[in-house]
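Chemist: Now for the letters of each chain:
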Amino acid sequence: MASTDIKPTAEKPTNGKPAADKPDLAGLEAGLDALETRTAAKAPIGQILRTKALPPLLAIVLVLAAWQLAYHFQLKPHYLLPSPGDVIGSLHQDWLQGTLFGYIWTSVSRGALGFLASVAIGTPLGLLVARIPAVRAAIGPILSGLQSMPSVAWVPAAIIWFGLNDSTIYAVVLLGAVPSIANGLVAGIDQVPPLFLRAGRTIGATGINGVRHILLPAALPGYLAGLKQGWAFSWRSLMAAEIIATSPALGTGLGQLLENARTNADMPGVLAAIILILIVGIGIELLIFKPAERRVLRSRGLLTEAR
Amino acid sequence: MTTAISETPTRPGTDVPYAARLDHVSKAFGRPGAAQQVLDDISIDVAPGEFVCLLGASGCGKSTLLNLVAGLDRSSAGTIETPGGRPALMFQEHALFPWLTAGRNIELALRMRGVARGERRERAEQLLELVRLKGAYGKRVHELSGGMRQRVAMARALAQDSNLLLMDEPFAALDAITRDVLHEELTHIWESTGVSVLFVTHNVREAVRLAQRVVLLSSRPGRIAREWQVDIPHPRRIEDADVAELSVQITEQLRGEIRRHGQH
Chain A
1 MASTDIKPTA EKPTNGKPAA DKPDLAGLEA GLDALETRTA AKAPIGQILR TKALPPLLAI
61 VLVLAAWQLA YHFQLKPHYL LPSPGDVIGS LHQDWLQGTL FGYIWTSVSR GALGFLASVA
121 IGTPLGLLVA RIPAVRAAIG PILSGLQSMP SVAWVPAAII WFGLNDSTIY AVVLLGAVPS
181 IANGLVAGID QVPPLFLRAG RTIGATGING VRHILLPAAL PGYLAGLKQG WAFSWRSLMA
241 AEIIATSPAL GTGLGQLLEN ARTNADMPGV LAAIILILIV GIGIELLIFK PAERRVLRSR
301 GLLTEAR
Chain B
1 MTTAISETPT RPGTDVPYAA RLDHVSKAFG RPGAAQQVLD DISIDVAPGE FVCLLGASGC
61 GKSTLLNLVA GLDRSSAGTI ETPGGRPALM FQEHALFPWL TAGRNIELAL RMRGVARGER
121 RERAEQLLEL VRLKGAYGKR VHELSGGMRQ RVAMARALAQ DSNLLLMDEP FAALDAITRD
181 VLHEELTHIW ESTGVSVLFV THNVREAVRL AQRVVLLSSR PGRIAREWQV DIPHPRRIED
241 ADVAELSVQI TEQLRGEIRR HGQH
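Protein chains in written order, with full-length UniProt numbering: chain A, 1 to 307; chain B, 1 to 264.
In case anyone wonders, no lab produced these hints; they're calculated from the structure. Every residue gets a Cβ at the ideal spot worked out from N, C-alpha and C, and that includes glycine. Possibly wrong hints are sitting among the right ones.
[Unchecked claim] Short, incomplete list of chain A residues facing chain B, as computed with Cβ under 7 Å: (1) P217; (2) G281; (3) G301.
[What the hints assert, rightly or not] Per the computed footprint, the stretches of chain A lying under chain B, defined by three or more beta-carbons under 8 Å from a beta-carbon of chain B, are: (4) 100–113; (5) 202–214.
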């Protein structure tokens, strides 16, 4: 009784009858396969630019134009509402002083480190909550509750516990991001169709193999959504911490840059810092999380071309 | 019915006269006392290389029975033996993993069975060729048609190299022509590999088209109502006159079983 050992070419006519309808069947099958296979054509680059890149660019231009008009007609005094040019001038000055990338790097490296630590903690935590009913009953609701808690609320407590240093900042980032990541994984695992788990068990993927080869890959879309949200929470928690916890010992990140500009009543500097915070947050999502999410969804056929 | 077995390597369980033995198997769901009996005293032997169809209306517990044989669920009473080890199982839905390509789906089954890394690719290609999907190795599941997905699922089930293949209405969701082609495919694979098949369906013609033996289950609880030997020689077609004739006979019996339920 061999199954996989038999080469399909070693086909023998059975019952002494010649396999008369075999070529006919192969042709029929090839026809069915050809008819039912969808081929997705890729959109030309010009069309992608026109439909994907043009609208957001246009929106930015419109906002800048409105801002410039408001400045021109002095809706607010100039010291309250500087022009886009003033803000760019402020950025340019930081650039000339060579400090601009230092500010960005300080914040991005903190955000990235805090995020990675959150992933390292949130992933096993999410797995435990999703798979062990007692753990879910015990801390599941707290974990969801923590997600809706603004992490800025932790800053005063963290300052008292850890003092004005990096520990405070990382503590706030972790408290912001870990629940999102853990909850994302829980949601991803909850949405895994039971059929996949049964199919996995029938081919012998049980225990740790089941988790590794079936459960985690099946939960990946939800997990990625959790990671994306975890990054957003890391970034906003970091900014909250940096704005409140300012100290020379902490170095200057974007949050401190913003706070320093405020104390100097430097409105172009304030707006410049806000724009930088926005750009970094969006940039990391667009450069890292969006492509990763698209790749996963597309490979599973979950992404329609319209999106 | 002769089955062309070109080679017979010794495997665990080949010295036993059955590929599966169900001995007075019963299954009830729910709390003791208020339990609902789903299967009642089912005894079936599937001989090595035999093709058996379990036929029944909804509520006869055919899927439950397959789950029991597959080891996905436990029976309430009776014993189930599958001397060849864990049986392969095919579902009505293809149950292929969408994060893997067609070839990788098959390779995962090979890997879980302990096939060495270097051999997996070649084996997977062979199995794809066996279901006439040469060249589909790198295709994603969503790029395949319904019929192609079921053929990949069949290849993945065969990758388990089990001597018992359980099939839970695997073609029920396909259109008639595709289903017909897959019947042909399955018959061909069964004949060339000598695997035993336990095939669940509610489609009488399908059962007669495929099986050597058709077992009719009554509903609620599922009991064995009757058995037929199907002596129609292969190659059979679903439109053959003798297939139709036996189907009429079995359908009559099945209708009787269903009618009984309307009487109380």
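Chemist: Each hint needs a verdict: does it hold in this structure or not?
Modeler: Against the structure, the hints:
1. Using the Cβ-Cβ criterion of 7 Å, the hint placing A/P217 at the interface with chain B is satisfied: the shortest such distance is roughly 4 Å.
2. Interface restraint check: A/G281 against chain B, minimum CB-CB distance 29 Å, threshold 7 Å, status violated.
3. A cut of 7 Å between beta carbons decides the hint on A/G301: the least distance to chain B is about 2 Å, and the hint holds.
4. Counting residues of the segment 100–113 of chain A whose CB lies closer than 8 Å to any CB of chain B gives 0, which falls below the minimum of 3, so the coverage claim is violated.
5. Three residues within the 8 Å Cβ limit are the bar, and the segment 202–214 of chain A against chain B gives 7, so the coverage statement holds.
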